[in-house]
Amino acid sequence: MDRSRELASETGRRIAVQVARYRPDRESEPTFQEYEIPLRKDWAVLDGLNHIKDELDGTLSYRWSCRMGICGSCGMTVNGEPKLACATFLTEYAPGPVRVEPLRNFPVVRDLVVDIGDFMQKLSVVQPWIIREDEEPPDGEYLQTPEELADYKQFSMCINCMLCYSACPIYGLNEHFLGPAAIALAQRYNLDSRDEGAADRMEALSSQTGVWDCTYVGECSVACPKGVDPAGAIQRYKLTAATETIKSFLMPRGRR
Amino acid sequence: MTNATQARPYRAHMPLGWWLRRRSYMLFVAREVSSVFVAWFVVYLLLLVWAVSRGPDAYQRFLDWSANPIVLVVNIVALLFVLLHAVTWFRLAPQAMVVKVRGRRVPSVLVAAAHFGAWAVVSAVVAWIVLG
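Protein sequence lines correspond, in order, to chains A and B. Under our numbering, the letters of the first sequence match residues 420 to 675, in that order. Under our numbering, the letters of the second sequence match residues 183 to 314, in that order.
Just to be clear, a hint being listed does not mean it is correct.
Claimed, not checked - Under the rule of at most 20 angstroms between Cα atoms (straight-line distance), these lysine to aspartate or glutamate pairs were calculated in the EDC-like manner:
1. A/K572 / A/D553
2. A/K657 / A/D632
3. A/K472 / A/E455
4. A/K657 / B/D246
5. A/K645 / A/D570
6. A/K645 / A/E500
7. A/K460 / A/E511
8. A/K666 / A/E622
9. B/K282 / A/E566
10. B/K282 / A/E567
11. B/K282 / A/D570
12. A/K572 / A/E615
Unchecked claim - With beta-carbon atoms standing in for the labels, derived distance ranges:
13. B/V220 / A/A435: 47 to 53 angstroms
14. B/V259 / A/E552: 34 to 40 angstroms
15. A/Q563 / B/G314: 52 to 58 angstroms
16. B/S305 / A/E566: 34 to 40 angstroms
17. B/V283 / A/L669: 23 to 29 angstroms
18. B/V253 / A/L669: 39 to 45 angstroms
19. A/S447 / B/W200: 19 to 25 angstroms
20. A/G646 / B/V307: 39 to 45 angstroms
What the hints assert, rightly or not - Just some of the chain B residues that point at chain A, by a computed CB distance under 8 angstroms:
21. A189
22. R193
23. F210
24. E214
25. L274
26. Q277
27. A278
28. G285
29. V288
Read the hints as simulated data drawn from the structure, not as lab findings. The C-beta atom is built at its ideal place from N, Cα and C for all residues, glycine as well.
Whole structure, please, built from the sequences with the hints as guidance.
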């Protein structure tokens, strides 16, 4: 009965959603289109977009998949903030309007769809996988203590949603910057006791466009929907890179 | 992908006032600007050393010049920016340093507290040398 009363009280409540549209065949820069949709307590921004696409305007383009904050596809700018559309509820923005734009700092392909090619390329540069000199584990698997797991676990929570790139003004000003998620993922493997690839990742990480481009705005860690701390990962690697440089200066022949 | 030539990705450029959009961006830009004032204090210190090396008259002239309202205001503003610089720097320290004692990670609050403590001690020693 509660449920029916809740639904009854919700009927009639509506919210305006202003969605950025960019149709390269029609306009030279994005414009906003406003849609009126029902305001439901259990609707995330993504549900609102799905309602628009299904009921109001089938031409709207956006990316989504899992609806539960794990696939990292539905990153968008909601009222100026980088958010996962599936994890951001419309009621937070009542009475509205809600402004939905594509992720900032990326080229817009169409409507809310951005070109993620740059991030994909940067991801591969840091080799985010376990690198071993001997590929075969000694006894079927590499063992790890809970403490060793704790060293990198938070960085392994990254879902590649790129909200951190959208929040980072350094990346916005300089697209060559390796960026928060790629560096955090590099650290995820560098800090893994099973990994031996830290030296291989060093060149990309300690280059001019690596950690040293970061001037610690810190917004990447604020934007992250999974509680990863990319800003912390980057500052930590700066210390590592500086230490390694001093070491190689003092002991030029003693590599590792 | 097939229509790569037809696709015209739209690239938005960051507006000149991007850092006004958010408080954290403004704080960040203020911290970046603070480096100018850090440099100013280095120059000021060098001027002081130079004046001292040239004898009591030069030192007195330096003190008179420092008492000039314009120099005073510049130094007060510079001090505020240098304090911002120092505080943000020490708050960053626990992010960069992961200290472990017997396998356990030292809480970041303690790492920051140690830095602030060391800063206070060094400041006290300098104040004691200068004023004492």
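Could you tell me which of the numbered hints above are not met by this structure, giving the numbers in increasing order? Numbers 1, 4, 14 and 29, in rising order.
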